[in-house]
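Novice: Here's the letter readout for the chains.
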Amino acid sequence: MIFAERKPIEEILEMIRGRKRVLLVGCATCVAECAAGGEEEVETLAPLLRLALKEKGQEVEIVTKTLERQCEWEFVEELTELLPEVDAVLSLGCGIGVQALAERFPEVPVYPGVNTSTLALRPEAGLWVSRCSACGDCVLDETFGICPVARCAKGLMNGPCGGTREDGKCELDEGSDCAWKLIIERAEARGELDKLKKIRAPKDWSNSRHGGPKKVVREDLRT
Amino acid sequence: MMLRADSRLEKVLTAGEFAVTVEIGPPRGPDPEVLHKKADMLKGMADAYNVTDNQTAVVRMSSIAGSKILLDAGLEPVMQMTCRDRNRIAVQSDLLGASAMGIRNCLCLSGDHQKASAAGKLKGHPGAKNVYDVDSIQLISILKGLRDDAVQEGGDVITAPAPFFIGAAWTPLSPPEKFRIMRLEKKIDAGADFIQTQVVYDIARFAEAVHVAHDTGLTERAAVLPGVIVPKSAGMLRYMSENVAGVQVPDELLKRMKDAKDAKAEGVKIAVELVQAIREIPGLKGIHLQAIEWEEILPEVIEKAGLLPRPRL
Amino acid sequence: MTKRAEKPRITLLYCRQCVRGDAELRIKLQQDSEFDLRAEVLPCSSKVRVSQLLKILEPGVDALELVGCPVESCRLLVGSRRAEQRVAYARGLLAEAGVDPERIGMSRGMDLSADDLLVFVRKRAAAMSERKNT
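Line order of the protein sequences matches chains A, B and C.
According to the working numbering, the first sequence is numbered sequentially starting from 46.
According to the working numbering, the second sequence is numbered sequentially starting from 269.
According to the working numbering, the third sequence is numbered sequentially starting from 8.
With the C-beta cut set under 7 Å, the calculated list includes, among others, these residues of chain B facing chain A:
1. S378
2. K383
3. Y400
4. D403
5. I405
6. Q406
7. T439
8. S442
9. P443
10. F447
11. R451
12. A458
13. Q466
14. A513
15. G514
Think of the hints as simulated: they come from the structure by calculation, not from any bench.
C-beta atoms are modelled at their ideal positions from N, C-alpha and C, and glycine is treated no differently.
With the hints as extra help, turn the sequences into a complete structure.
Specialist: Laid out in structure tokens, this is it:
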């Protein structure tokens, strides 16, 4: 899922400083799966912000709503009736959601309550690991299903650097396996280690954000 | 045999001499005097002098500038280049510039991630955007293209070939060990002419790895120069053993450093022994000596190891 | 100007599995005059959610004490450990928000009486005011 984490409370308080009535909007899809912006997090953050402001002798009215998805207009529309009298929107949606709200409701400031940082897998409860960095040029067929762009800090394409520790972990992060060690193990298990001899040419990054902001049109799907 | 880059290092190796390279760290500031002093101290001690490229991602005077300063001081540099900070455009541009200034050796490295820069007392730049547009093997290919085909990575030609004696690194003892030989082969296939290895303390294990490289003919296709770092203290040796990937230190050496009355003298002794042991291993063509923040000890080690005088060409 | 001492407003959430004689217990708790006390029973302490803890505190409750079974004897296996993790997380949120984390806490026990629960409540009140005074 798109992965995000709640911003520090201090930062959020600074954003809504001086506001009298804030609409706190959650999203029940990706950010809910990351326990950062779903209904539970919205219903936790609202009282927390009120408590924090009370501590500072301030008061703010917080109205809450969690949408199914903030990246679809049909759900965003549900906020229309709540907008009047609100002087700021605090969105716990990912960067897409925040911008969708900002685009639909340009009359109010829309603040981001979370930091969106990667595309992750949740292998078990309470654990998220980065798996994709949207490079736009997927090579997973050649790397035995393990992505060296997302899982190798240096994005190496031709094998591991000298930084693989004795225990197979990356020298940069003792908790993480060296991605290339994992790729090599898979290749060996399949008897295809020789495939890794091929010298892979430099990647074409132009289909990712490196090529500029993307805009994609599919004529067959336009009405 | 046609020389590829006409560098002194290349000539020494081609002549069949046991080559010596040493590492010089550029200063964390703009003062060329620091390098002049090191150059004066080390002149005549080695065949070529590696200038590091923002090692551990700590900002230092650039490798290209440091290399030029050494060149002007009469020393032949090995410009180290990492993939961390430069995309392929900057890489090729810097290579053309380096070549224009007379730099003929380049060691291609992946480069330490910028997380490493915020270690110990340093703040570094852990928040920097990293590049890694290409990896070290692709970088080797890029140098080969500029030298042998006078062509850029993207396909455009350059006005004249840029001759480089191309170097690469090898860490034979990092897992997965079986792949390390494949990785060495890939680097040589991509165009590496010489190899400088991660620091060696465990001669026995290193010799095993070299043996495999030798058997597969790799040591004849590229000149392998093992790395030796002169131990300064027991603490330093232990730190490297525990924290630096691919470095294995036999207990015996740790003990010697710990028990030594004069740790520095013992370190010199160990370094000399390592050089001598390395010379016994078939297939190795030289040595890459380093002394971290202690370059002044290198002349003594080189002399005691019987590596002086350097060949006159 | 002296402020008239107000009774601390405390909410007690206790797990049904760890008390004895729930009915009499509730009556005894209601009779307590030391605190402005509100008691709620949970089928298991693990049922509690972080949002719930904060929602209880926010409207003007001074402190909240959650009481659950000892770790080894939670009838629903990991229930009371999960509760503890959530309480710890809630305390962390309070601290991050500049609010006294001692306003939420958890205690454990088995076969507890109303008096036992009141001991926990007293400790919670004391921990909270200690922070206030430092």
